[in-house]
Amino acid sequence: MIPTRVMLIAAVGFAVALLAQLVQAQAQPGPGPGMHRGGWEMGPGMMMGPGRWSRGGMRALCSPRAAGFGAWRLEQIEQIVKPDEKQRKAFDDLRAASDNAAKALAGACPAEAPATVSARLAFMETRMTAMLDAIKTVRPAFDAFYATLDDEQKRRLDRSHPRRWGWHRWRNYER
Numbered sequence: 001m002i003p004t005r006v007m008l009i010a011a012v013g014f015a016v017a018l019l020a021q022l023v024q025a026q027a028q029p030g031p032g033p034g035m036h037r038g039g040w041e042m043g044p045g046m047m048m049g050p051g052r053w054s055r056g057g058m059r060a061l062c063s064p065r066a067a068g069f070g071a072w073r074l075e076q077i078e079q080i081v082k083p084d085e086k087q088r089k090a091f092d093d094l095r096a097a098s099d100n101a102a103k104a105l106a107g108a109c110p111a112e113a114p115a116t117v118s119a120r121l122a123f124m125e126t127r128m129t130a131m132l133d134a135i136k137t138v139r140p141a142f143d144a145f146y147a148t149l150d151d152e153q154k155r156r157l158d159r160s161h162p163r164r165w166g167w168h169r170w171r172n173y174e175r
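Residues in the sequence shown are numbered from 1 upward in steps of one, following our numbering.
Treat the hints as calculated values from the structure; they're not laboratory data. All values derive from a computational prediction rather than experimental measurement. Accuracy of the hints is not assured; some may be wrong.
[Stated by the list, open to error] Label-pair restraints from in silico Cβ distances:
1. E78 - D151: 35 to 45 Å
2. K103 - A147: 23 to 33 Å
3. R155 - E75: 11 to 21 Å
4. S160 - M128: 19 to 29 Å
5. A115 - P140: 29 to 39 Å
6. A115 - K82: 40 to 50 Å
7. R155 - I135: 15 to 25 Å
Heads up, the beta-carbon is just placed ideally off N, CA and C, and yes, glycines get one too.
Use the sequences and the hints to build the structure in full.
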């Protein structure tokens, strides 16, 4: 049988080793648990749990910019394409459709965060329906604008992608 004194020494040694690991883990540099780059918080509650609704989470989730209907994206398209006077009306129609889609998305967000799981699921369903409706609003205007572009403008626009557009700017852009 193992003497009590040996058990006590082993337990204290184990506790000291565990405490040293905890202190070292908390002393590590970096953002801490989860990923916090670019404003995305992937920690507790990342998928509609309590953490997602805190620190502006609901505002970010319900932001039309998060869904891609922000004015900055149209400004990027305008910079890439440089529409001429003939294309300006189609571009303005696209801007109006994008504004309407953004308003519809904002209207689909509740004033308060849903408190129950059932309410969160209902909110997600409403939000997805609103996003689909927003796309159905913007798509015809975009297709009409795209049809007015010459081959070089289409090539420049088709070549653009998120890294070149700077999608990280959506959270910093104020209209």
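Checking each numbered hint in turn, tell me which of them this model violates, lowest number first. Violated hint: only 1; rest satisfied.
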